[in-house]
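**Student:** If you read the sequences in order, they're chains Z and F. Read in order, the letters of the first sequence correspond to residues 8 to 120 in the numbering used here. Read in order, the letters of the second sequence correspond to residues 3 to 114 in the numbering used here.
For the record, the hints were derived by calculation from the structure and aren't laboratory data. There's no promise every hint is true.
[Said to hold, decoys possible] Ranges of calculated distance between the beta carbons of each label pair, as one might list FRET restraints: (1) Z:Pro68 x F:Gly43: 35 to 45 angstroms; (2) F:Ser14 x Z:Gly10: 25 to 35 angstroms; (3) F:Gln53 x Z:Ser58: 15 to 25 angstroms; (4) F:Gln56 x Z:Asp63: 21 to 31 angstroms; (5) Z:Asp45 x F:Ser14: 15 to 25 angstroms.
Cβ atoms here follow ideal geometry from the backbone N, Cα and C, with glycine treated the same way.
Residue strings, one per chain:
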Amino acid sequence: NAGVTQTPKFQVLKTGQSMTLQCAQDMNHNSMYWYRQDPGMGLRLIYYSASEGTTDKGEVPNGYNVSRLNKREFSLRLESAAPSQTSVYFCASIRDRAGYEQYFGPGTRLTVT
Amino acid sequence: KQEVTQIPAALSVPEGENLVLNCSFTDSAIYNLQWFRQDPGKGLTSLLLIQSSQREQTSGRLNASLDKSSGRSTLYIAASQPGDSATYLCAVTSGGSYIPTFGRGTSLIVHP
Numbered sequence: 008n009a010g011v012t013q014t015p016k017f018q019v020l021k022t023g024q025s026m027t028l029q030c031a032q033d034m035n036h037n038s039m040y041w042y043r044q045d046p047g048m049g050l051r052l053i054y055y056s057a058s059e060g061t062t063d064k065g066e067v068p069n070g071y072n073v074s075r076l077n078k079r080e081f082s083l084r085l086e087s088a089a090p091s092q093t094s095v096y097f098c099a100s101i102r103d104r105a106g107y108e109q110y111f112g113p114g115t116r117l118t119v120t
Numbered sequence: 003k004q005e006v007t008q009i010p011a012a013l014s015v016p017e018g019e020n021l022v023l024n025c026s027f028t029d030s031a032i033y034n035l036q037w038f039r040q041d042p043g044k045g046l047t048s049l050l051l052i053q054s055s056q057r058e059q060t061s062g063r064l065n066a067s068l069d070k071s072s073g074r075s076t077l078y079i080a081a082s083q084p085g086d087s088a089t090y091l092c093a094v095t096s097g098g099s100y101i102p103t104f105g106r107g108t109s110l111i112v113h114p
């Protein structure tokens, strides 16, 4: 199993550009999550998908959109990137909403200039 | 709203020491608590998961305990090694939304 994979690993954008971060898991997990990690702020939840076909906002959803394409894939889109979105983005998954381990991808390091 | 605190924020110890990392949470109605390790520039790796009905979990030199009544968990690392140097995070899952709440982590350095 590859576990949770993310693409790209690194990305540099100019202010106003758009991009989509891709995430896929091969563990047949129901729930998937997008986090951002910033120095001094810890991990903050952007969006999550409790199951295929559902998505919900987390703590910091502004400026982002998500798509749960199927059970395996959960993408995060930045429509108009801003310097404040410079961060490391992590995708994670859990087999079900409670009682199981959460698994993380390797992260995408995004810089917006 | 669940709040998770990890103390200390940073810790530096000589190789061979036994050490304890702390995680406290404000709402004791939890489903589970998970400990992670994060190496610089990497993702989070799961170390141990403790269910709300359990008191402790062990994996090799790691032992995690859970005391829901006091809102605390500890991660015990025996005979620390330089390879244990990393940031250790705990995450608590509670409430109807089943969303893990993370602490900000303890940065551990084990020097030879």
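**Student:** So, against the hints stated earlier in the document, which numbers end up violated here?
**Tutor:** The structure breaks only hint 1.
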